[in-house]
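Protein chains in written order, with my numbering: chain A, 8 to 345; chain B, 8 to 345; chain C, 8 to 345.
No wet-lab data here; the hints were simulated from the structure. Incorrect hints may appear among the rest.
Since the list gives no way to pick one copy over another, a pair counts as held whenever it fits inside one copy or between any two copies.
[Said to hold, decoys possible] Once the Cα atoms are required to be at most 20 Å apart in a straight line, the calculated DMTMM-like pairs of lysine to aspartate or glutamate come out as:
#1 Lys46 with Asp69
#2 Lys46 with Glu339
#3 Lys46 with Glu97
#4 Lys125 with Glu223
#5 Lys85 with Glu272
#6 Lys85 with Glu339
#7 Lys85 with Asp312
#8 Lys125 with Glu270
#9 Lys125 with Asp82
#10 Lys46 with Glu22
#11 Lys125 with Glu339
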Amino acid sequence: MSRFDWIDGTELGAEGFLALAERALALRAGSGPRRFPGKRIVAVFLNSSLRTRVSLEAAANDLGVHVVTLNPGADAWKLEWRAGARMDGEYAEHFADAIPALGEYADLLALRAFAGLKDPAEDRADPVLSAFRHWSPRPVLNLESALWHPLQALADAATWRHHLGPDLRGRKVALTWAPHPRALPAAVPNQIVLSAGLAGLDLTVAHPPGFDLDPEITARAAGLAAAAGGSLRFTDDPDQAMDGAEVVHAKSWSGFSGYGRREEEAAVRATLGHWTLDQTRFSRARPTAGFMHCLPVRRNVVVTDAVIDSARSWTTETAGNRRWTAMALLEEMFSRMS
Amino acid sequence: MSRFDWIDGTELGAEGFLALAERALALRAGSGPRRFPGKRIVAVFLNSSLRTRVSLEAAANDLGVHVVTLNPGADAWKLEWRAGARMDGEYAEHFADAIPALGEYADLLALRAFAGLKDPAEDRADPVLSAFRHWSPRPVLNLESALWHPLQALADAATWRHHLGPDLRGRKVALTWAPHPRALPAAVPNQIVLSAGLAGLDLTVAHPPGFDLDPEITARAAGLAAAAGGSLRFTDDPDQAMDGAEVVHAKSWSGFSGYGRREEEAAVRATLGHWTLDQTRFSRARPTAGFMHCLPVRRNVVVTDAVIDSARSWTTETAGNRRWTAMALLEEMFSRMS
Amino acid sequence: MSRFDWIDGTELGAEGFLALAERALALRAGSGPRRFPGKRIVAVFLNSSLRTRVSLEAAANDLGVHVVTLNPGADAWKLEWRAGARMDGEYAEHFADAIPALGEYADLLALRAFAGLKDPAEDRADPVLSAFRHWSPRPVLNLESALWHPLQALADAATWRHHLGPDLRGRKVALTWAPHPRALPAAVPNQIVLSAGLAGLDLTVAHPPGFDLDPEITARAAGLAAAAGGSLRFTDDPDQAMDGAEVVHAKSWSGFSGYGRREEEAAVRATLGHWTLDQTRFSRARPTAGFMHCLPVRRNVVVTDAVIDSARSWTTETAGNRRWTAMALLEEMFSRMS
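If we strip away everything but chain A, and leave its shape as in the complex, we get (with noise of 0.2 Å):
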């Protein structure tokens, strides 16, 4: 069998990807779960977080597995990850010494790599996680990378499951961009095309001129809504996205044509105050529509606290799907070594 990791989400296919975010609302509704002990987990945070670190740790642990966590640069060394590099700056060790090295203390390893925002052809090809796979021994496990955020994904999958009923095929969603103080990467408005495109929605993406999601990736979320029987569209009207929304999610993220120009982008940014997501805009989507965001967010910036703060909103839920979705996940992953 060849190496199962876990990077974008569609590594078991629509249907597959569907099952995991079954399994965890069984998980969620009480089935217990099964254990691997003695199996070890290597997680590496290259960034902060809060969610995945303690979800993942949290659905280890339910199934017995042992989570070691590392925060180079912080507690352990920074780590190069460019292959050939003349090491004398400021990197003390190499993906080619680490990551082999932490194969031999665990089962699985993962890692957390958000992008350069430098370097739009780097970027594209994820290189921290590329480089982790390629001298991982192990199965790896993306905590979120240059590209893709696939925890996130199951647990919005489990989200939109439990809301929508089994059938998600042509089930209308939006996706509207927001303000943020910071250029933000696009991991999660791609893995959000991705899983839409998986789970076979009709997903409408609002996001002002600029601002565009990489061509290569709406492409790929395009055949795959296809195949299932769902639709990618993109707008420029935030309102316009809202009509008959049974499901929006508001995300800040930097443009794909915007490299090289990030200044520039940081002043259009600051005149899109307009795009805050508020009541107003918001209800022009169904009555019964939930609103989604990953986590963290800038409250009052991206969405205001009446959205995020009312009835309508799924985020905390979403946040708990992690812990479940996590632990389907790991199942699925542990089962596969033994």
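We have chain A already, so just place chains B and C on it with the hints.
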């Protein structure tokens, strides 16, 4: 049953407070702890910790409880706690989103958040802990807040009980202010006066003019003391406070009336080196008297090596009691959940 | 029984040292470890760590032992270790208070504290580890100090034993100094000469003039080697050191005679690029010779990719042995406690 939080140590009344200290001494003597397998604590440290962090993890582990520790700002996002904030600054996430999410992963949430020492009205409201409790869906354990340190309270009580016997009423205890290179919060002295009140001790607090404790807190503590058969007195003569004392606590703190004149207070503090607790002063207490300090302590500034390294120092024993009292308290908190 | 600390790897004599390496290889081959449920380690890291941190947590977990890890200065108070200090500066807590407190929470205390590289007399006394041992009420495990790295010693010995067979006496091993962008402590080369002495290897150390090891340590190692049927030689010709070698260690370090002229040494170091271990030099060793380095390593500065990525590199295997040797050592240390 309403939610049981542990905030200032008065939650179970004087009797319940002392019963936990008694239970801790039984655990220390070898009584087997209750077990709560499958339970989990998420502990959020907004400030540094040594004893609290390690004794909590040790105590929880001995009860079969899993602990996940977060250091927001280091390994997770910096957290905003003020309601209604427009989050376009340094804080990436709000308590309103983070704490309910953590509540999805754990059965008990714990927080360390020291005083800001900027605004007396704000600190008096214990704002960060209060916001944490507001947003928490789970029982809350205070790991030291702007106002209180209720785990230290239990450890102090266990040490008092171990050395002074079962009846603490009317026993003479001194708390003396001490020099320090930095302005410190008053959570520990606040807690000592409150705990002494619960236990019915005759407590004498010595401090220089201007280094007063919050009069609201001392009035409350005096009321508790009176009800339990004890008393609370103040003096500006540290030698006089020693007379007849069976226990001597030393601690530095900022004056409650010192808000708004912290720089002036620093200059005054620099002239108060004679408040260091040394052998000469300590020898004015009873020959059997013990020295106590919550630690960490600035040696030869707060107290001399000769005092803290003597056989009369109960600091290591009290630090050890942190483990047994945390176990006793966690037994109480988890019992109420099942 | 007097307290059993693991400080430099000589504590059990040559026979005991090699027996631990042998036990590690048995554990690696599938022998079940002993279990010590309810036992606890507190590990204090004053410096960064990857392998030591993770292999210790993994090994302890496999033995049923709980580990709590502290990073003072990051998640706990900065610790002062000098006796008698007047603590009005940056250090919030003294070893004299912190270490006995940690001893109340754990059965074994572990410390990582690198050399200061400022004062030769101070480093020679291994002052931080020595103070830690002085204040510790529990057995102490050295996770790398100013002078020694005795867990690495066991891993190296397990690798030597695995590749060279049961009798290490008189086997030819080379240790070559290597360039590095920074001045590094000599704990690792100190340990290699001492371990080689215990094992009775014929060790040749090559280093440029001025990058000498502490003569007290090399004299002690030479004595051990002589007693075990081995030898210790020095040369300033790295090529010559390869002749007949079955194992080649590379490592950078500062000269013991370089104290007081570190800036000058940095300038000299910059001219020593030809000391990088490359294929040409490595090929002078035996065709079956293995390459070893404790890691982290500066690639293409200390050693070229071609050497460390070759089939002759034993670095990952040795890193893996860190887990099994830590298990073997913890079995020994916890067995002595019960």
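Status of the hints after comparison with the structure:
Taking the closest pair of Cα atoms, Lys46 and Asp69 come within 20 Å of each other both inside a single copy (12 Å) and across two copies (10 Å). Taking the closest pair of Cα atoms, Lys46 and Glu339 come within 20 Å of each other only inside a single copy of the chain (13 Å); across copies the shortest separation is 24 Å, beyond that limit. Proximity of Lys46 to Glu97 under the C-alpha cut-off of 20 Å is found in neither arrangement, the shortest distances being 34 Å within a copy and 38 Å between copies. Taking the shortest Cα distances, Lys125 and Glu223 sit within 20 Å of each other inside one copy (18 Å), while across copies they are farther apart (52 Å).
Taking identical chains as interchangeable, the C-alpha atoms of Lys85 and Glu272 are never at most 20 Å apart, the minima being 30 Å within one chain and 25 Å between chains. Taking identical chains as interchangeable, the C-alpha atoms of Lys85 and Glu339 are never at most 20 Å apart, the minima being 31 Å within one chain and 33 Å between chains. In this homomeric assembly, Lys85 and Asp312 come within 20 Å of each other (Cα to Cα) only across copies, at 19 Å, whereas the closest approach inside a single copy is 38 Å. In this assembly of identical chains, the alpha carbons of Lys125 and Glu270 lie at most 20 Å apart only when taken from the same copy (12 Å versus 36 Å across copies).
For a Cα distance limit of 20 Å, the shortest separation of Lys125 from Asp82 qualifies neither inside one copy, at 26 Å, nor across copies, at 23 Å. Taking CA atoms no more than 20 Å apart as the test, Lys46 paired with Glu22 passes in neither setting, with 27 Å inside one copy and 33 Å between copies. When the C-alpha separation of Lys125 and Glu339 is checked against a cutoff of 20 Å, the pair qualifies neither within a copy, at 35 Å, nor between copies, at 51 Å.
When the structure is compared with the earlier hints, violations turn up for hints 3, 5, 6, 9, 10 and 11 and for no others.
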